[in-house]
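As you go down the protein sequences, you meet chains S and H in turn. Here the first sequence stands for residues 1 to 344, numbered as in UniProt numbering. Here the second sequence stands for residues 1 to 344, numbered as in UniProt numbering.
For the record, the hints were derived by calculation from the structure and aren't laboratory data. Treat the hints with care, as some may be off.
In this list, chains with the same sequence are indistinguishable; a pair is considered to hold if it fits within one copy or across any two.
What the hints assert, rightly or not - SDA-like, lysine to any residue: derived pairs with alpha carbons at most 20 Å apart:
hint	residue 1	residue 2
1	K190	I180
2	K299	Q200
3	K92	I124
4	K226	Q313
5	K238	F317
6	K156	S80
7	K274	G216
8	K122	M105
9	K274	P150
10	K43	Q200
11	K299	Q199
12	K226	V311
13	K190	N298
14	K275	G93
15	K226	M342
16	K226	G315
17	K190	Q200
18	K226	D314
19	K274	M121
20	K122	L213
21	K238	D314
22	K38	L213
23	K238	M105
No experiment lies behind these values; they were computed from the predicted model shown.
Single-letter residue listing:
There are 2 protein chains.
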Amino acid sequence: MSLQESAPSLAVVGVTGAVGQEFLSVLSDRDFPYSSVKMLASKRSAGKRVAFDGREYTVEELTAESFDGVDIALFSAGGSISKEFGPLAAEKGTIVVDNSSAFRMVDGVPLVIPEVNPEAMKGIKVGMGKGALIANPNCSTIICLMAVTPLHHHAKVKRMVVSTYQAASGAGAAAMEELIQQTREVLEGKPPTCNIFGQQYAFNLFSHNAPILDNGYNEEEMKLVKETRKIWNDTEVKVTATCIRVPVMRAHAESVNLQFENPLDENTAREILKKAPGVYIIDDRASNTFPTPLDVSNKDDVAVGRIRRDVSQDGNFGLDIFVCGDQIRKGAALNAVQIAEMLL
Amino acid sequence: MSLQESAPSLAVVGVTGAVGQEFLSVLSDRDFPYSSVKMLASKRSAGKRVAFDGREYTVEELTAESFDGVDIALFSAGGSISKEFGPLAAEKGTIVVDNSSAFRMVDGVPLVIPEVNPEAMKGIKVGMGKGALIANPNCSTIICLMAVTPLHHHAKVKRMVVSTYQAASGAGAAAMEELIQQTREVLEGKPPTCNIFGQQYAFNLFSHNAPILDNGYNEEEMKLVKETRKIWNDTEVKVTATCIRVPVMRAHAESVNLQFENPLDENTAREILKKAPGVYIIDDRASNTFPTPLDVSNKDDVAVGRIRRDVSQDGNFGLDIFVCGDQIRKGAALNAVQIAEMLL
Chain S
1 MSLQESAPSL AVVGVTGAVG QEFLSVLSDR DFPYSSVKML ASKRSAGKRV AFDGREYTVE
61 ELTAESFDGV DIALFSAGGS ISKEFGPLAA EKGTIVVDNS SAFRMVDGVP LVIPEVNPEA
121 MKGIKVGMGK GALIANPNCS TIICLMAVTP LHHHAKVKRM VVSTYQAASG AGAAAMEELI
181 QQTREVLEGK PPTCNIFGQQ YAFNLFSHNA PILDNGYNEE EMKLVKETRK IWNDTEVKVT
241 ATCIRVPVMR AHAESVNLQF ENPLDENTAR EILKKAPGVY IIDDRASNTF PTPLDVSNKD
301 DVAVGRIRRD VSQDGNFGLD IFVCGDQIRK GAALNAVQIA EMLL
Chain H
1 MSLQESAPSL AVVGVTGAVG QEFLSVLSDR DFPYSSVKML ASKRSAGKRV AFDGREYTVE
61 ELTAESFDGV DIALFSAGGS ISKEFGPLAA EKGTIVVDNS SAFRMVDGVP LVIPEVNPEA
121 MKGIKVGMGK GALIANPNCS TIICLMAVTP LHHHAKVKRM VVSTYQAASG AGAAAMEELI
181 QQTREVLEGK PPTCNIFGQQ YAFNLFSHNA PILDNGYNEE EMKLVKETRK IWNDTEVKVT
241 ATCIRVPVMR AHAESVNLQF ENPLDENTAR EILKKAPGVY IIDDRASNTF PTPLDVSNKD
301 DVAVGRIRRD VSQDGNFGLD IFVCGDQIRK GAALNAVQIA EMLL
């Protein structure tokens, strides 16, 4: 039973969204202890009913007063909501775990993957009487670093080239619905409805829809570059990324090429990954069985495969790997709830 | 009118397949001159009728005698058919343009992308009274090198990291049909029919189905590595690739990271690509418009975009680009017909 009087009071902000719904599912699955929970969303969604842990709750409109007496708030309602209400909540003594990009690169805000850099949130606990902001990294970064960090700790990554295969879910529930609708339309020979991305997504793929920056990278790509440095506390590591949206529902895949400072052969890499928390290996060359987005959909752990010595580098200083992770779960809700668990 | 008495006699081997059909369409579109054409396929397909250039032809069974009097034969019926009948045809004086991988890495067999290395087939012409084997490169290699070679000529590629997003068409017409069938089934909540790949392809992706070699790469990936070296006549260039099949119908995409010997800034790269034959640029950062598989489907030219300085490399010694090309057309049939045109 996770409803306990002495347990922390929770709030879920953006509870009607894809990640918000997954927050509830993960909290429940993991028996997260709580004394109360507020279901918060925009005015538009206020009054809706959501189910959690065998009860029904009414969604309340998010206001400045929403956080009175709330110990932990999980936010996933977009960057502007986080910017408006996150600091407000933290001032009132709430510890905010924020899934948006609003505070990720802000100095002093821990950016945390619990398996990777738990030390970044040292000293932040419920019951210390102090609010705080903690940022959940971007989904692509989490999924990539879950597999790469154990290798990095062994051989130090010098440079990483990432190409992503990103699911619809990263753009929210409406994008997932549009992918299904478009697919039906294309199969029926009708023109596809393009409300979310402005182009055909069914049986197609396209460069990630995040805004393009002055350097020609899109924001999604630069998140991988910058968040990796912050999470690893390593200003030297070189990262480049190309982020592509593919017609897959809810799990991302990433092709990752690694250049190491120190040698790391592929068998050692496999042994390291076998022991890595939150990671499992699918790598059967004989049957051509490797990770796919479907393997990890609705799963907690990140799958890694295609582990092989990079033939374009001399000796054992390079590896190619292929990683898949559920974008909504480990890429967002699960990671945030794991952060919340560390607050107890 | 491309039917001319003095023109070469043609044969199309594997005429009922996806590439075979595209051979006919490209020959017709380009007004390829011919005096006669034999439509060849396996016994199973013999007797079928195919349309070409306003006439109907009966498909004949491929035999050792099929090539008597044939000047140019376009082969796309798989490696084992090429191995059995290609050398036979060449001995009889036919110039074979082979789309399979059978002869690509054989010493003395030119491996040709007409825009890239036409010199490799110097001296091979219809009317010289001599047969020959000429190999069409793998689709991923052709599409990649169409965009990369002009940059290579300017700044010399030292190392190239490729991640592919490959369409169903690369596995033939049946794979394209299975993708459609599976997609319908998944939308209807039925289990997907998995005859071709043995796993769900609809709303999923997976490591390319080519056999895995001892070094952990699949054959498709090593084609990119080895064919690039042969086509560029450069044994030093370092290439690594990760080849992934995505639920897209008939055009491949490739994310390509380049490391150069000499500096090449992104504006110069754009100028070079603007002038490159068979290549066009889709690269509008303001509107987030970049190449997609649909842009190039049923098109001759390869589209390139996301042209940007690689932030993981110092100075102007690196670029990231994203390339899309029609797998059946430039990746196979068009390239082969262009080779045939050079024989005249």
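Cross-check of the supplied hints:
Within a single copy, K190 and I180 get their C-alpha atoms as close as 13 Å, and across copies as close as 15 Å, so both meet the 20 Å cut-off. Only between protomers do K299 and Q200 lie at most 20 Å apart by alpha-carbon distance; the minimum there is 17 Å, versus 28 Å within a single protomer. Taking the shortest alpha-carbon separations for K92 and I124, only the intra-copy value of 15 Å comes in at or below 20 Å, while the best inter-copy value is 81 Å. Proximity of K226 to Q313 under the C-alpha cut-off of 20 Å is restricted to the inter-copy arrangement: shortest distance 15 Å between copies versus 25 Å within a copy.
For a Cα distance limit of 20 Å, the shortest separation of K238 from F317 qualifies both inside one copy, at 15 Å, and across copies, at 14 Å. Taking the closest pair of Cα atoms, K156 and S80 never come within 20 Å of each other, the shortest separation being 36 Å inside a single copy and 45 Å across copies. In this homomeric assembly, K274 and G216 come within 20 Å of each other (Cα to Cα) only across copies, at 18 Å, whereas the closest approach inside a single copy is 37 Å. In this assembly of identical chains, K122 and M105 lie within 20 Å of each other by CA distance solely inside one copy; the values are 18 Å within and 58 Å between copies.
When the C-alpha separation of K274 and P150 is checked against a cutoff of 20 Å, the pair qualifies only within one copy, where the shortest distance is 10 Å, while the shortest distance between copies is 43 Å. In this homomeric assembly, K43 and Q200 never come within 20 Å of each other (Cα to Cα): the closest approach is 32 Å inside a single copy and 40 Å across copies. In the homo-oligomer, the alpha carbons of K299 and Q199 lie at most 20 Å apart only across protomers (18 Å), although the nearest pairing inside one protomer, at 30 Å, exceeds that limit. Taking the shortest Cα distances, K226 and V311 sit within 20 Å of each other only across copies (11 Å), while inside one copy they are farther apart (28 Å).
For the homomeric pair K190 and N298, the shortest alpha-carbon distance between copies (19 Å) is at most 20 Å, but the shortest distance inside one copy (31 Å) is not. In this homomeric assembly, K275 and G93 never come within 20 Å of each other (Cα to Cα): the closest approach is 38 Å inside a single copy and 61 Å across copies. For the homomeric pair K226 and M342, neither the shortest alpha-carbon distance inside one copy (24 Å) nor that between copies (50 Å) is at most 20 Å. For the identical chains of this complex, K226 and G315 are inter-copy neighbours only, at 19 Å across copies versus 29 Å inside a copy, given an alpha-carbon limit of 20 Å.
Only within a single protomer do K190 and Q200 lie at most 20 Å apart by alpha-carbon distance; the minimum there is 12 Å, versus 25 Å between protomers. Proximity of K226 and D314 under a CA criterion of 20 Å is satisfied inter-copy only: 16 Å between copies versus 28 Å inside one chain copy. In the homo-oligomer, the alpha carbons of K274 and M121 never lie at most 20 Å apart, since the shortest distance is 26 Å inside one protomer and 50 Å across protomers. When the C-alpha separation of K122 and L213 is checked against a cutoff of 20 Å, the pair qualifies neither within a copy, at 33 Å, nor between copies, at 46 Å.
When the C-alpha separation of K238 and D314 is checked against a cutoff of 20 Å, the pair qualifies both within a copy, at 19 Å, and between copies, at 10 Å. Neither within a single protomer nor between protomers do K38 and L213 lie at most 20 Å apart by alpha-carbon distance, with minima of 37 Å and 55 Å respectively. In this assembly of identical chains, K238 and M105 lie within 20 Å of each other by CA distance solely inside one copy; the values are 17 Å within and 35 Å between copies.
Hint check: violations occur at hints 6, 10, 14, 15, 19, 20, 22; the rest are consistent with the structure.
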